[in-house]
Amino acid sequence: MPSPSPLLVMRDIDKRFQGVHALAKASLEVQPGEVMALVGQNGAGKSTLIKVLTGAYSRDDGSITFAGQPIAFASPMEAQRGGVSTIYQEINLVPFRSVAENIFLGRERRRYGLLDWPRMNAEAAEILRRFAITVDVRKPLMDFSTAIQQMVAIARAVSFQAQLVIMDEPTSSLDEREVEVLFDVMRQLRAEGVAVIFISHRLDELYQVCDRVTVMRDGRTVMTRRMDEVDKLSLVAAMLGRDVEAVRSRETAFAAATGRAGGDVLSVEGLKVGRRVRDVGIEVRSGQIVGLAGLLGSGRTETARAVFGADPADAGAIRLMGRAVAPQEPADAIALGVGYCSEDRKADGIIPDMSVRENLTLAILPRLVALGVVDETRQRAIVETFMKRLAIKASGPEQKIRELSGGNQQKVLLARWLCADPKLLILDEPTRGIDVGAKAEIQALIRELADQGLGVLMISSELEEIVEGADRVYVLSDGRTVADLPHAQATASAIMAAMAHAGGASENADG
Amino acid sequence: MTVSTQSPALPQRPSRIAWAAQQRVLIALAALILFGALRYEHFLGAYNVLSVLRYNSMFALTSLGMAFVIMTAGIDLSVGTTAACACVVSALLSSYGLAAGLFGGLGVGLVVGVLNAFMVTRMKILPFIATLAGMLIASGTGLLLANNQSVSVSYDTDFTWLGQGDWLGFPVPGWIAIAAYVYGSVLLNYTSFGRAVLAVGGNEEAARLMGLPVDRTLFWTYVQSGLFASLAGVILAAQFGAGQPAEGVGWELFSIAAVVVGGTLLTGGVGSVANTLAGVLLLGLIFNVLNFENGLGVISLSAYWQSVVRGVFLMIVVMAGSGAARRALRTAAGPGG
Amino acid sequence: MADAPTLPRGRATPDLMAFLRRYAALAALIVLLVFNVLVTPHFLSLQTLNVNLTQVATIVIVSVGMTLVIATGGIDLSVGSLMAIAGALAPLIFLSPFGVAHPALGDALAFVVPIAAAGLLGAFNGWFITRFRVQPIVGTLVMFIAGRGVAQVLTNGNLQVFHNPTFQFIGLGRVFGAPFQVIVMLALVAAAAWTMRRTLFGRQILAVGGNDRAARLAGVPVDRVKRGVYAISGLCAGIAGLVVIAINSSSDANLVGLGMELDAIAAVAVGGTAFTGGQANVVGSLIGALLIQLLRYTLLANGVPDAAALIVKGAIIAGAVWSQQRGRSA
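One line per chain: the protein sequences are A, B and C, in this order.
The first sequence begins at 1 in my numbering and counts up by one.
The second sequence begins at 1 in my numbering and counts up by one.
The third sequence begins at 1 in my numbering and counts up by one.
Okay, chain A solo, but in the shape it has when bound (with noise of 0.2 angstroms):
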């Protein structure tokens, strides 16, 4: 929709980092009014993009119009003085402070010098039910969900007269019904006129709400397309530089099971821990990949944790290789051949300034142990194996783990369980911001494992993944298991149907 008068134009923006072209000749044009996605590998320079409109890195070379006005934002404190606030994928938020506060911190409203609690407790509820929610302003933002908090985020941003919002991945840790929600609100910013960036992995959800979509590869614009002119198929073709045809046209690159499911590594059954998880039954046999479906909230994490020890159960049955086990700390079950990939990967995965052969051999080193001293050339070779076997890209085995892409600190973690020879490996969002290549990398090769006898249970929200990777779903829902499927039941709408159906959330559900 060709308007005459863009609201932002970035064009010809050139970045480099030593060299190096992070961005090269990269354009963006964004309308008053409309939603547009910005997509693209890891690596292909969204966030870099982001980050030279918002003046948080300089440019090299381009321009910037803003509201008719050429730019140039020093910082993104000024950027959201001059009209374009920015929503991070973490909620930069104060949790220990009332969401009031949180809404109205560095623009205080005072009264005689003082600040004036009651205008702005009730200046931010005004701004909140403008987006219908109603929550008690006055308590610390730690207390409300991760979704409330994401509102708050964006309910702060609007609220600095934002002609332009940015929302880099505000999805990713949101459940369906928390990202209608958020959706309802980009859709209510739309209405009034507020133009909104929208970075997300998840395709599906940018034909809910985007009306454009631009498509970034290797630093250039490649692509910029209405989004009901361009089918999912074409996008990442566009993403990933290849032909349509040359996609597969399944969405992931799960194949189908070629072993045979073997005898039980894991059966939980009637498992309590916390408030959480109230009834989880669930079954695992070796060379089987058995998928944990459920909403945020459902206890796919906290059973997960509760097998391997992390945070011990309350109560419940667990037999881990066919005896009947309770561990209390992770060390127990890695004993017994349990291996657990964590959801985030920075904060329970790596040890950021370790290298990767540090990090790869973590959990096994009490194994490369002699009389307590590490046997580092048997660590090497190991080192060595596993870094060819899963093809991680690296400048070599000393190089920081922290430098390496998300893709291949995820291969590093696999490899870290790999290299113990597990029976049972859980993967907590194994795939989670991570770029569709690699992507595919690690669904082909938890396949491959399963093959080859591992058994294998996968938490994942993206719904393929699931669908099309796992021999047998189970849905949890409000902390107990609702429905066990096996393959060829496992579709899509009967795993929604299993999470909607369940519990108190039935009415909320399909929002």
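Don't read these hints as lab results, they were simulated from the structure.
Each statement offered as a hint is correct.
DSS-like cross-link-like pairs, simulated, lysine-lysine; straight-line CA separation at most 25 angstroms:
1) A/Lys400 to B/Lys124
2) A/Lys346 to B/Lys124
3) A/Lys400 to A/Lys346
Quick look at which bits of chain A chain C covers, simulated, 3 or more residues with Cβ under 8 angstroms:
4) 320-332
5) 352-361
Glycine is no exception: its CB is placed at the ideal position from the N, C-alpha and C atoms.
Following the hints, complete the assembly by docking chains B and C onto the known chain A.
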């Protein structure tokens, strides 16, 4: 659709924990006072109350500055030697009158505070290390100025009134401490600066992205801590009639203990001015109660026991608070399903 | 956020400035040595070397334990108080009627019991911190306050004077002309450096300091590792306490180890171990302690008052940490 707090699908995580922890400090203080009042005849007598206040006013001041620093998730190890250095300077200037001694002493706090603040905000040195350097610098300066000796305070001027005088029948140091705490309370709860202090401590990165003046907030927090510490040093000189360069050893750790007893988390982001005062009084009264107990003749504990009792008391407070703190943290970090 | 480009890092040209910043402490130590050789009279003598090494030994011994604690992301404020406790216990043992009646056994116990007690109290610090999830500053502050009180109560605050050549060998003895405590110091530094580099325990310390949640999920016994480093820190403090009283031929619970926690932390900081955890530079801590000691010696030998040396010490700590931070980020 409306997302309300009652929605079962978006569970609320009610936490009155911080509130309960804060009240517990006041309850403990009230209990200790009640215990003393019932057990000892002169516990609530004017003499005892006033001398406790006169003596503890200095710790109250260093702890107040410390509380603000800790709320930003920082720490200030220099308060003790800053007080000592200010004590020396004000003693040296006391012959020129009250104002000279007072402002000379405060000047020390200003300089050390600015130095600490510069190291923390500009050189980006961790507060622990930066203020350790500040501590050594203040200590060395104090010793140099005093030539390694105690400096006597002039009794010819009204300088000693700051430490020994009364106003409306109440000790001047007590007035100063009360004024400082009223100021601190208003500053924390009713000004943007106070809110910025808590926001910076709660999530510095977020505060930066929200456009708060993070560095400026940190800067003034350390300067303020230096000023309060030097005020304590001035009172010390006036109260004991001498500028003692070796005083103030361990005050920083005592102040940290008082702030912790007052329920402020060392991780920053939460804190209360009133409870810091309660923490100071609790630690101070333990010594007082020990003296009374010895006076009753029931026990005979040397003064050395007071450190043991204080340490054990701090341990109990920390243990009692830890469950609450852990729950609060788990709530804050609540993972998804 | 995840698509920031992976950049080729620092492999371009070895930046001399970055290198100097990274090894600022060592460079400063060498500069200071050269300066002294040229300026300070009688600097190049065994006497000078022994004086400096003897004075620095206790700080280094304590900072070995401190380095391991800081590598886990913790801190130990209690070391000075633990030194006082060990220093108070030893004379109580060998001066007791039992110790006097059985001098050999008494002297042996006077070594073992105080060091073990300090180690146990260190382990208590670790237990307290891990069991109640207390911040290390607060957790060890308890022992800082209570520990010295315990030492004072044990001795009733009295100075214990003694003459016991067997026991005092730890502070006054010589092996091949080298002061015994210097040998102890070097042995501890070597053992700790080797432990960090080669053993499972060392790697686990670094993993815990680098990311304790991730370490736990990888099967590292996080709490046990933490308790271990605080116990080691306690043991080191115990040894240092005995060295101090042996040198002084007396034990004063009010003074033994006073301010040692900050001296040790300063040595670790100057030595280049990051306070955020995940790194341990034991040899660096030795260099840091030597640098601080030599600086003080240089100033005193050239007529600068001790108080001024404190100011310089403060400046050197800030300067060293500042330059290392820039070296790391470069």
